[in-house]
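Chains as they are written, first to last, in the working numbering: chain Z, 1138 to 1302; chain F, 1138 to 1302; chain W, 1138 to 1302; chain C, 1138 to 1302.
Honestly, the hints are just simulated from the structure, not real lab data.
Please note that a few of the clues may not be correct.
Since copy identity is lost for identical chains, a pair holds within one copy or between any two.
Stated by the list, open to error - Within a straight-line C-alpha distance of at most 20 Å, the following computed EDC-like cross-link-like pairs (lysine to aspartate or glutamate) qualify:
no.	residue 1	residue 2
1	Lys-1290	Asp-1180
2	Lys-1290	Glu-1156
3	Lys-1238	Asp-1286
4	Lys-1164	Glu-1293
5	Lys-1238	Glu-1225
6	Lys-1290	Glu-1193
7	Lys-1290	Glu-1225
8	Lys-1164	Asp-1190
9	Lys-1238	Asp-1180
Keep in mind the model is a prediction, meaning the values are calculated, not measured.
There are 4 protein chains.
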Amino acid sequence: MAAIRIFVTGGTFDKEYNELTGTLAFKDTHVPEMLHRGRCRLDVAVTTLMMLDSLEMTAGQRAAIVEACRRAHESRILISHGTDTMVETAHALAAALLAAKTIVLTGAMVPYAFGSSDGLFNLGSALSFVQVLPPGVYVAMNGRYFQWDRVRKNRESGIFEEING
Amino acid sequence: MAAIRIFVTGGTFDKEYNELTGTLAFKDTHVPEMLHRGRCRLDVAVTTLMMLDSLEMTAGQRAAIVEACRRAHESRILISHGTDTMVETAHALAAALLAAKTIVLTGAMVPYAFGSSDGLFNLGSALSFVQVLPPGVYVAMNGRYFQWDRVRKNRESGIFEEING
Amino acid sequence: MAAIRIFVTGGTFDKEYNELTGTLAFKDTHVPEMLHRGRCRLDVAVTTLMMLDSLEMTAGQRAAIVEACRRAHESRILISHGTDTMVETAHALAAALLAAKTIVLTGAMVPYAFGSSDGLFNLGSALSFVQVLPPGVYVAMNGRYFQWDRVRKNRESGIFEEING
Amino acid sequence: MAAIRIFVTGGTFDKEYNELTGTLAFKDTHVPEMLHRGRCRLDVAVTTLMMLDSLEMTAGQRAAIVEACRRAHESRILISHGTDTMVETAHALAAALLAAKTIVLTGAMVPYAFGSSDGLFNLGSALSFVQVLPPGVYVAMNGRYFQWDRVRKNRESGIFEEING
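Make the full structure from the sequences, and use the hints.
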């Protein structure tokens, strides 16, 4: 069973409610807790690269994600990411031509810390895709996977859709 | 995008707490609600075949599941099932030689109705596997998939493990 | 058993996560759902006066709350309110000299829509106090009640404390 | 602010799902976690006397609860208890003539460990009643309080009702 690396970059997936300021903010990632809840028995290592809203991700930070994927020993990588610029990061990863690596990006529309989150569903979904898809860069949202150049986020509906490459 | 059929058979996945009797029982399946929570946009149809604890599943009921899979128009089928005899049903399905169908069984160790359930994670996981695995019969639990003849449930730990076929 | 009126004014208590904008906003109040969850069998009527963050409450809106309490037939009134200016509204109510009415204000530090909310606990707590306290204006938070002129919100800790009148 | 003692005796309030056996069972009480979630700042001490379904409570165990209340230094005592024989325990406490103590019994129809529990609401409610009611023995359920000899559990509806003493 291949080892999987999960790179955490933040996004709505990991936001929490700060009760003193009344705003949404990041603390520690919930991914380990979610893997525990799913009783996940895969060989998984979790690394937090950054914790930010993807609308605020700079080109430098996006490059850092690509570099982390390049250096990773694992050939199967899952990236938790804000949904707003997830596709941009997918494009950056594809451009890096990281041979023989299966990279799947996922996120959530509602923070895992809330009761009605899609986070746990998306994590299970993306972890399955990363185990079986051939090398390439993919986005996994709404129960399905998309090729990096065949997807966009529909900002009106909040749903990810397939587009022609 | 291929259509997927979900056959619901019950199991811990769908148990609920009956407050008048103080026991666990079945009402309606939570699968549609879980697909909604996951913001699933797959072409999925949900059919409840039965709602029972798999320890109480008779040979006749197991045969009914096999027959439902045979008759289904879809070539990709997910079955929610109690974990205790999930492997038995997988064996019955494999014996039926349902050509060109990808069938994935999943369940949960804790009812979805509880706060700490693995149900949503498993559903996302199994739905992904059923979309990409080649025809055959599989069990999806603990974040991974198993061939029908390479898996058993470890009753001491509650974890599904790979065994030699 | 005396009838109780619940006036909803918003606050963190009722905030929800808007997944398209990524912000916290108000939709319908959760109070009826919370009363249902608590299996509350009191004679309670719920009226939404407004839905706003109490930091944005104007003097006119505060006066509207006072007027609603004055007009209410019930002699026992619970008000759900943002915690930031809950004490100010308590002062305005006390100044209105609403004879023979027991008025209790409560709120939450974390939205009920989140998993770790104090909302349900505070609602149960405040409903009990409003049934047994003598006429007057009170704040119910952190499990206890305070006289309207003996309380302040400690903004560093987010906790309500007793002060000398 | 008077000190409050919470005696935990189990009941549906504290039941959990045992995933290996598929049954409901007791582990540690959730009361401290619930007080934390409610951001309760009362002077409260929690003691677990026993953890059982109240249908299985023996006369000896009921007597132990009475004795614990007699010995407690606190004059305000809350008891978490199974709803099925909560009224019986209330009668036993009243018979013990524990002068100058306010004792409130509460429980839940759905385990706190489940998502739709009345537990947190009932705890907040009972804690408020125990602070303000005069010495005596009471049951707090469904948002209200009852005198020990004026209440019964309606087993068809699961609701507590007032009866003539």
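Hints, verified against the model:
In the homo-oligomer, the alpha carbons of Lys-1290 and Asp-1180 lie at most 20 Å apart only across protomers (19 Å), although the nearest pairing inside one protomer, at 31 Å, exceeds that limit. Proximity of Lys-1290 and Glu-1156 under a CA criterion of 20 Å is satisfied inter-copy only: 13 Å between copies versus 30 Å inside one chain copy. In this homomeric assembly, Lys-1238 and Asp-1286 come within 20 Å of each other (Cα to Cα) only inside a single copy, at 16 Å, whereas the closest approach across copies is 29 Å. In this assembly of identical chains, Lys-1164 and Glu-1293 lie within 20 Å of each other by CA distance solely across copies; the values are 18 Å between and 29 Å within a copy.
When the C-alpha separation of Lys-1238 and Glu-1225 is checked against a cutoff of 20 Å, the pair qualifies only within one copy, where the shortest distance is 18 Å, while the shortest distance between copies is 36 Å. Only within a single protomer do Lys-1290 and Glu-1193 lie at most 20 Å apart by alpha-carbon distance; the minimum there is 17 Å, versus 33 Å between protomers. Taking the shortest alpha-carbon separations for Lys-1290 and Glu-1225, only the intra-copy value of 11 Å comes in at or below 20 Å, while the best inter-copy value is 42 Å. In the homo-oligomer, the alpha carbons of Lys-1164 and Asp-1190 lie at most 20 Å apart inside one protomer (13 Å), although the nearest pairing across protomers, at 24 Å, exceeds that limit.
In this assembly of identical chains, Lys-1238 and Asp-1180 lie within 20 Å of each other by CA distance solely inside one copy; the values are 16 Å within and 29 Å between copies.
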